[in-house]
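Assemble the whole structure, with the sequences as input and the hints as a guide.
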Amino acid sequence: MRQSYRKLESGLRIHTFEMDSPVSQYQFLVPFGGDILEYTDPDTGSEIILQPGSAHFFEHMLFVMPPEKEDLSLGWTAGGTGELREGATVLRDNHALRVNAYTSADITNYWFMGIFNNRANLATMMEYVLTPYLPEERFRQEVGTIADEIGRYEGNPNSQHYLQWKRQAYSIHGAQHFVGGTREDIAKITREDVLAIHSTFYRPSNMHLIATGPVDIDEVALTAEGVLERLGKNRYSPPPGFVRQDEPDEVAQPDNFGSPLRRKDVFRSRIFAGWKNLFDPSLSREEMLMQDVALDFARSSFALSGSALQEEIVRKGLDESTLSAETGLFRDRAQLVVSVETAEPEKAAEDILCAARTVSCGIPPDEFEYLRNAMLVGYDLARNDILGLGERFARYAVLTGNPGDQLAAESLLERITADEINARLSGMLEERKFTVAVMAPEE
Amino acid sequence: MDASDISRMVERLEFHRKDLEGAIVHENRIDGPAQYARVTFARKYDSPEQACRTTMILALYVNAAKKGVAEYPTRGKLDRAFLENRMPVPRISKCHSDTVATLDISMQLSEKADIATMRRSSLLLSQLMTEPLFLKDPSRLEQARDEYLRGIERRIGNHGVQAHNHFFRRYSPRIIPLSDAEQAELIGSVSLETLRSEFAEHVGAQLPIILFSGSDRVDDVREALDPLVRLGGTEDPGITEKETKEFTPTSPVHVPGPSKRTHHLRAYAIPPPADCKERMAQALLNIMLGGERRGKLLQILRDKHHLVYGGGSWNYPKDGYMLIQTSHDPSHYDVIAHHSDKVFKGIAEGDFSREWMGMMRMAHSQRFVANSDYGAFMHIGQPMFRVAKEYLKVVGQVSNTSAKELHDALLSLTYEDVKAAAARFDPETKQVFTYGARP
Chain A
1 MRQSYRKLES GLRIHTFEMD SPVSQYQFLV PFGGDILEYT DPDTGSEIIL QPGSAHFFEH
61 MLFVMPPEKE DLSLGWTAGG TGELREGATV LRDNHALRVN AYTSADITNY WFMGIFNNRA
121 NLATMMEYVL TPYLPEERFR QEVGTIADEI GRYEGNPNSQ HYLQWKRQAY SIHGAQHFVG
181 GTREDIAKIT REDVLAIHST FYRPSNMHLI ATGPVDIDEV ALTAEGVLER LGKNRYSPPP
241 GFVRQDEPDE VAQPDNFGSP LRRKDVFRSR IFAGWKNLFD PSLSREEMLM QDVALDFARS
301 SFALSGSALQ EEIVRKGLDE STLSAETGLF RDRAQLVVSV ETAEPEKAAE DILCAARTVS
361 CGIPPDEFEY LRNAMLVGYD LARNDILGLG ERFARYAVLT GNPGDQLAAE SLLERITADE
421 INARLSGMLE ERKFTVAVMA PEE
Chain B
1 MDASDISRMV ERLEFHRKDL EGAIVHENRI DGPAQYARVT FARKYDSPEQ ACRTTMILAL
61 YVNAAKKGVA EYPTRGKLDR AFLENRMPVP RISKCHSDTV ATLDISMQLS EKADIATMRR
121 SSLLLSQLMT EPLFLKDPSR LEQARDEYLR GIERRIGNHG VQAHNHFFRR YSPRIIPLSD
181 AEQAELIGSV SLETLRSEFA EHVGAQLPII LFSGSDRVDD VREALDPLVR LGGTEDPGIT
241 EKETKEFTPT SPVHVPGPSK RTHHLRAYAI PPPADCKERM AQALLNIMLG GERRGKLLQI
301 LRDKHHLVYG GGSWNYPKDG YMLIQTSHDP SHYDVIAHHS DKVFKGIAEG DFSREWMGMM
361 RMAHSQRFVA NSDYGAFMHI GQPMFRVAKE YLKVVGQVSN TSAKELHDAL LSLTYEDVKA
421 AAARFDPETK QVFTYGARP
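Which chain is which? The protein sequence lines are A and B, in order. Just so you know, the working numbering puts 155 at position 155 of the first sequence, and the rest follows in order with no gaps. Just so you know, the working numbering puts 278 at position 278 of the second sequence, and the rest follows in order with no gaps.
Note that these hints are calculated values from the structure, not bench results. Bear in mind that the values here come from a model prediction, so they are computed numbers and not experimental data. Note that the Cβ used here is the ideal one computed from N, Cα and C, for glycine as well.
Here are the computed lysine-lysine pairs in the PhoX-like style, where the Cα-Cα straight-line distance is at most 20 Å:
#, chain 1, residue 1, chain 2, residue 2
1, B, 245, B, 430
2, B, 242, B, 277
3, A, 316, B, 77
4, A, 264, B, 260
5, A, 347, A, 316
Which bits of chain A does chain B cover? Going by a derived footprint, with three or more residues having C-beta under 8 Å, they are:
#, region
6, 18–29
7, 91–102
8, 113–125
9, 136–146
10, 259–273
11, 314–323
12, 372–383
This is the structure we're talking about:
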């Protein structure tokens with residue numbers, strides 16, 4: 001895989017990864033997501049307070065395009081006549097294979113995949129992302145679509161369980177909310193709020209363009225420069241700083257044993273037991289890579305089939321068939337959450353804590369080699385999914401500013417020592433950072 | 001790049017059958033760093049119920065077997081035997097389609113996991129299938145049985161799948177021949193002896209089928225898979241396309257479920273396709289209806305009326321219907337029902353332009369070379385993608401026609417062909433089915 005990088009005059013960073021594939025993926029992303037609910041406008045100095053769900057709402061709205069004849073370079077016009085266009089449909093009509101966007105905690109990522117007409121489609125995607133077009137009536141209509149998306153999320157027991165865990169883990173941080181917000185939240189979102197988001201965060205200097213597949217950096221850069229020039233966004237405007245949140249190290253609530261989340265659509269109790277870890281967002285690139293790899297070692301210790309610790313906790317009675325662990329790594333925090341179905345939530349949580357004490361004492365050398373090999377196999381297999389690979393590039397664009405660091409993390413895994421990992425594990429698994437969320441059948 | 005490039009790419013999906021000792025091999029020899037092999041033990045049964053029952057027995061057997069063998073006495077130790085040599089754990093899966101039950105073992109080869117690795121994996125897998133510890137230690141079987149039963153219970157939280165399953169149970173019982181309760185009854189009561197004998201009978205009955213895509217010599221691949229091949233029998237499984245069934249709708253049905261949303265299915269009668277060309281015309285009409293995001297369904301329900309976030313349509317030509325599925329707030333039922341009917345009727349009446357049909361045909365053509373039908377988003381350059389496509393033809397009973405023929409048929413469709421196929425749809429013969437919250 002050949003990597004190339006170029007920074008345009010506007011500050012837009014372009015990364016290409018040439019791969020043998022008939023399909024290309026283009027991602028245009030901004031390191032801004034559902035986590036940020038308060039910030040200071042860098043131009044005016046005013047405090048902006050957002051409703052939960054604002055970043056996600058805005059993501060939906062950016063697909064709205066003006067009627068064909070209207071000139072996008074006019075900027076934020078909301079008048080116009082004729083039928084509004086929908087950006088994803090415009091791309092699909094021009095033979096894009098898949099078009100979508102997602103908003104998560106710290107990223108909003110617009111992407112498409114295609115075999116044909118990729119340069120033209122890239123230009124269109126950049127246009128709709130960089131030029132918000134929000135007629136008030138259309139803005140209000142989107143509430144219906146998003147309310148249905150929220151309804152889907154509420155109907156998913158696992159999603160609601162995870163949300164419960166986050167509410168217990170975070171007391172101030174925006175991570176405690178569902179990225180999409182609630183129906184009440186989205187009804188309060190205003191056009192002014194989301195336009196303020198755009199002017200602050202959607203600056204080319206704060207964004208990345210990642211192209212994967214049979215791509216050429218010169219062609220990608222030429223297209224991007226052309227769009228930026230046409231939209232009058234080719235001059236450098238400094239990116240906003242990272243928005244720090246004053247979240248305490250300790251969890252907001254250590255457990256919900258007394259009042260579990262109850263649902264009609266679950267048959268047995270299940271726990272999400274995990275740690276949050278906060279760190280300084282100015283962490284160096286090297287340290288972020290280390291965090292990522294160390295977090296993956298911790299996850300693998302708990303839930304990778306064949307790990308000595310997993311065998312140990314299964315021997316103690318935890319259910320092998322539902323035991324799993326997930327990690328999340330962001331600029332200012334990390335999470336490790338172990339999940340298992342259990343009839344005895346308190347005992348299961350204690351078993352997980354006990355296992356964490358073992359991990360904190362260090363992973364023995366033989367075990368370390370096994371985990372390393374298994375994780376490397378996992379990386380190899382994950383490359384089968386080209387969308388998943390693109391998502392991991394995007395993740396590193398947010399974490400270190402360089403999507404290629406995903407590949408650097410894989411290289412680091414090949415050579416890292418047990419001592420380097422073990423030195424980090426105990427700090428990750430402190431009890432005060434641990435909370436257990438129980439979901440149980442409705443009585 | 002243009003449409004003819006897609007046609008050329010589709011040629012890479014061609015496999016050639018070669019009968020080697022003890023196995024039917026379908027080979028797709030293409031150079032590249034990755035290779036993929038799937039060994040399938042397939043057998044036809046007298047009925048879909050029997051095939052489904054066997055599939056469940058195969059699954060329970062394999063889950064119990066994964067609890068360990070003498071050398072590696074736990075599931076963890078077994079997985080470790082693969083992973084510590086940087087070899088992916090082979091995927092053992094099972095499925096049933098109409099009257100055919102299959103047990104599939106898939107292995108991915110790479111620069112780090114070569115054909116010698118495949119040989120070692122095959123040996124261990126053969127041991128797992130013939131000498132699992134659970135045959136002597138029933139507690140392992142009981143553990144696997146309990147896990148299986150809990151898995152059936154857990155389905156209650158997946159409302160969309162539940163809705164589909166209830167629908168198929170009533171209107172396409174060969175897709176879901178047994179209810180959850182019947183499945184739980186079977187798994188809860190099957191004896192060790194039945195498990196052992198039915199597993200051996202299934203695996204040992206027919207010649208295994210090997211699907212292979214990669215650069216190694218197919219004889220070497222067959223040799224590496226020998227420990228697995230030896231488990232099979234000598235008869236050609238003789239799998240053919242499934243028969244077409246008649247669709248017989250009833251009055252609207254509602255099945256209550258623990259969801260606050262209405263899971264809404266509407267199945268519209270379509271005729272059995274007369275030939276490959278009509279089959280592709282129906283597939284294209286499904287794309288135009290709701291098989292793709294820019295199909296009419298979401299254009300109306302989402303983009304115009306903002307009623308739903310998602311939804312789609314699926315084509316079941318062998319079962320005689322096209323299915324629209326949405327899930328939504330119960331209060332939106334009437335309006336969504338109205339628009340769904342109207343959209344289907346519009347397609348049947350040929351209410352689409354020549355230009356738009358051409359665009360949708362191109363979209364469908366591209367799906368031959370890249371899609372996410374198999375979980376991950378993959379493309380024709382990947383051996384796993386090519387094997388998955390061939391599996392549908394050889395084992396999946398979907399069609400005996402090659403991908404190239406299907407693609408050529410798609411490209412040959414004229415606007416008139418597609419309209420004529422649509423005109424044979426019957427918008428008035430439909431089944432309305434809801435699950436979850438009552439509308």
